[in-house]
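K.L.:
Using the sequences provided together with the hints, build the complete structure.
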Amino acid sequence: MRAGEGRALVVRGEPGVGKTVLLDYLAGRASGCLVARAAGVQSEMELAFAALHQLCAPMLDHAESLPVPQREALWTAFGISAGPVPDRFLVGLAVLGLLSEAAGERPLICVVDDQQWLDHASAQAFGFAARRLAAEPVGLVFATRVPGEDVAGLPELVVEGLAEDDAAVLLESVLTGLTGPLDAQVRDRIIADTHGNPLALLELPRGLTPAQLTGGFGVSSAVPLDGRIEESFGRQLEALPRQTQRLVQLAAADPTGDPVLVWRAAGRLAIGAGAAGPAAEAGLAEFGARVRFRHPLVRSAAYRSASVQTRQELHGALAEATDPAADPDRRAWHRAQAAPGPDEEVAAELEQSAGRAQRRGGLAAAAAFLEQSTRLTLDPARRAQRALAAAQAKHQAGALDAALGLLAIAQAGPLDELQRARGDLLRAQIAFASTHGRDAPPLMLSAAKQLEALDIGLARETYLEAFTAALFVGRLSPAVGDVARAARMAPAPLAPARAPDLLLDGLALLVTEGYAAGTPALRRALLTFRSQDISAEEGLSWLWLAERAAMAVWDDETWHILASRHVKLAREAGALSELPLAVRSRILLHTHAGELQQGAALIAEARAVADATGTQLGPYGALGVAAWRGHEAEATELIQATMDGVTSRGEGRGVTTGYAAALLYNGLGHYDKALAAAELVCEYDDIGVLGWSLTELVEAAVRSGQPARASDALQRLSETTRASGTDWAVGTEARSRALLSEGETAENFYREAIERLGRTRMRPAVARAHLLYGEWLRRENRRRDARAELRTAHGLFTTMGIEAFAERARRELLATGDTVRKRTVETVSELTAQEAYIARLAAGGRTNVEIGAQLFLSTRTVEWHLSKVYAKLGVGSRRELRRALASLGQADPQA
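So for the sequence shown, our numbering puts the first residue at 1; every next one is plus one.
Since the hints were made in silico from the structure, they are not lab data.
Treat the hints with caution; some may be incorrect.
Taking lysine to any residue pairs in the SDA-like style, the calculated list, with each CA pair at most 25 Å apart, reads [what the hints assert, rightly or not]:
#	residue 1	residue 2
1	Lys872	Thr847
2	Lys568	Leu527
3	Lys449	Pro414
4	Lys868	Ala134
5	Lys872	Ala3
6	Lys868	Glu880
7	Lys868	Leu831
8	Lys568	Arg524
9	Lys449	Ala381
10	Lys449	Ile409
11	Lys673	Glu807
12	Lys673	Gly725
13	Lys868	Ala8
14	Lys568	Glu880
15	Lys449	Leu509
16	Lys673	Glu683
17	Lys673	Ala633
18	Lys868	Ala886
19	Lys872	Arg883
20	Lys568	Gly845
21	Lys872	Ala884
22	Lys872	Gly844
23	Lys568	Glu557
24	Lys568	Glu538
25	Lys868	Leu814
26	Lys568	Glu850
27	Lys568	Pro67
P.N.:
Set out below in structure tokens:
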């Protein structure tokens, strides 16, 4: 870290093994470094960003240097200012930037103890930052009993018990003065039972009589080691005066460690100041500038030692001592723990706390408050309503099993029709979030039908959700048709139709009545999406579906506009959970436009987002690039990985990899394999991909000598292209018809294809038209004409990096008697994928701050990567970088 590189480490071990001591040792050895500390507290796990605020509060003056979206997300998360709910990953990026800025003058060591007890929001932000440390002198060290999912996979240091000889020395030091000579067998038994755990060796003998120790009785137990250590602390607590016990129990019920608050509450319980002395003398707890326990197990033992009634009294005193204006949420939590039974006033207060947590992005905290509110609600209808709200919050927080449990409570209560329909919708959304599998579409369809008579707007949105779910299920279910037929019967929107309403009507018509009927309706919807100033929420909800519609009606310009807007909205809103889907659609567009370098560059971003968010989506973008390039080994591996992933998740969309396989094999000239792959995927009308797959099927069938199969595919293709009438559609159909035609008719179709496709963004489609025309001309013995077309095709393919098709054109040129050098696209092979992407962004005018925000890196890490890029390319400025990349054909990935 002192050398300028960030590091993260998870120190893992059982309670009492010495993790906290190691953190203290690290902090003590960090001379010349800043040290920041935080610790998870079990009773504070429901308070959003509590641990994160512990760590970051001393360095918040550096937040002014953060990009505005990150700074605002952090302020909102900490409740410093009001704002839209911040995306949890944007908060993580803000924390990464804050740590990097704080380490600007000297290295920063951050130690986080008891990671297993961090509140959910803090754990996510810490885990995000830990995985992104690179060129900032920041060390982030976690101590934990069992690593949570947020730090899983980080480097680990496993701390185990002491070796037998060292354990014996430590045990002898404790027993001196407690007992007489210890029998060797008893000593060995204690060491074996404790597995050399230092805290166990120190604590278990305390409170045992000399007879128990010398005889060995009372040491061995079936109770887990941490339970036995806690029992030992419990025995030591029992030996304290009654008032001291009560004071320690009170401190255990307060997670803040604020002595002013504890003493204020103690006064309400008539506990005097003298009660603190015996606890300090016993080495169990200190009541100084902070309230500190010797070990978390002391806190746990103290809290467990209190009866239920005593705990309620303790929390009641703490609630009274907590300022309702400064800390209303903590006060509400204490009041909830103090309530002996249902209490509507406290339940309502918890509901308000949930709203505040939700506005700060603390979804898990909001869910916990609502769950407690449900527990304290007596009125059955209100209890069911709050349980439904708690279930929705649990779903948003990703706690799907807990959400289902609360949903069951809600649906067992007296819900009204709208609430019951919302509950069914939530069950469907949970099913979709769980697997993207076949269970979700029928559940969503049922909910949509219920909502028709209750909330038309929500019903129509639910039908759109059902369409999305059905498209993911694909051929595994007849759900697309079911959804379309039901949506056709749905009531019209009450207000003037919005873009999503038109999209629903268009999709339903396309599926039920065919392309001739549905395409005009979808074109109207797409025009509205292009021109209407839709909200960010609507855009993030429905743009992916609108892009699929644009693909289905062969509208390349609208696809480009919507895909660009989708990525822009996701980035600006910090909606990182939505960004992988948006980026993947943009990659698909780049590949069809022949911009493989830009597509490959965006793959680096998609992987960065997936790594940061844990999103599980098939590698469709990388697969598309590999298929167009004709890299058979890479593409085959990606096809298998995609199929394995979607099968395990229950998705049916993975069969669209058949399109990529057909494209790959047509490029390589393996027409029988291309035919088999294309026929498989064309069995199902995958909206947006069917037309492309049919095009591959026509070419593969013709080249395999099976014109009848090609003719059938052409007939299906023409249903989509003629309804569209765009240059992309008509040009594609003309190219396919030419393959099945002869003489002048074929030539006219080839020329029409070249002319029409030349007016689109789809440069590979133009190049393929030149290739097919050249191949036809050669077979017609018109070698000079063939060479002209084949040279054009070869040049276009080579420039775009479409290597297999370029090789196919080269072989045809050789067959005409022409000589052509085998060429490959030049690449910046010295640069890693991430370095190449950063270089293009920098050359395109992005600042280091903008690049960092886009790739989830700190500004310092971007600078570090750029310094390596400059060294590898032998340049010293961004101007020289632009020239170097331009000379190598490396364009800026406009996304």
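K.L.:
Decide, hint by hint, whether the structure agrees.
P.N.:
Here is what the structure says about each hint:
1. Lys872 <-> Thr847: holds, 20 Å
2. Lys568 <-> Leu527: With a Cα-Cα distance of about 19 Å, the restraint between Lys568 and Leu527 holds, given a limit of 25 Å.
3. Lys449 <-> Pro414: holds, 20 Å
4. Lys868 <-> Ala134: Since the Cα atoms of Lys868 and Ala134 sit roughly 13 Å apart, the hinted pair holds (cutoff 25 Å).
5. Lys872 <-> Ala3: holds, 21 Å
6. Lys868 <-> Glu880: holds, 14 Å
7. Lys868 <-> Leu831: At roughly 9 Å apart (the allowed maximum being 25 Å), Leu831 and Lys868 satisfy the hint.
8. Lys568 <-> Arg524: holds, 23 Å
9. Lys449 <-> Ala381: This hinted pair holds, its Cα atoms lying about 24 Å apart.
10. Lys449 <-> Ile409: holds, 23 Å
11. Lys673 <-> Glu807: holds, 18 Å
12. Lys673 <-> Gly725: violated, 31 Å
13. Lys868 <-> Ala8: holds, 23 Å
14. Lys568 <-> Glu880: violated, 28 Å
15. Lys449 <-> Leu509: holds, 18 Å
16. Lys673 <-> Glu683: With a Cα-Cα distance of about 16 Å, the restraint between Lys673 and Glu683 holds, given a limit of 25 Å.
17. Lys673 <-> Ala633: holds, 15 Å
18. Lys868 <-> Ala886: Since the Cα atoms of Lys868 and Ala886 sit roughly 19 Å apart, the hinted pair holds (cutoff 25 Å).
19. Lys872 <-> Arg883: Holds, because 14 Å separates the two Cα atoms, which is no more than 25 Å.
20. Lys568 <-> Gly845: holds, 17 Å
21. Lys872 <-> Ala884: Holds. Lys872 to Ala884 sits at ~11 Å (cutoff 25 Å).
22. Lys872 <-> Gly844: With a Cα-Cα distance of about 19 Å, the restraint between Lys872 and Gly844 holds, given a limit of 25 Å.
23. Lys568 <-> Glu557: Distance of about 17 Å is within 25 Å: holds.
24. Lys568 <-> Glu538: holds, 14 Å
25. Lys868 <-> Leu814: Roughly 42 Å between the alpha carbons, so the hint for Lys868 and Leu814 is violated.
26. Lys568 <-> Glu850: holds, 13 Å
27. Lys568 <-> Pro67: OK: Lys568 and Pro67 at ~16 Å, within 25 Å.
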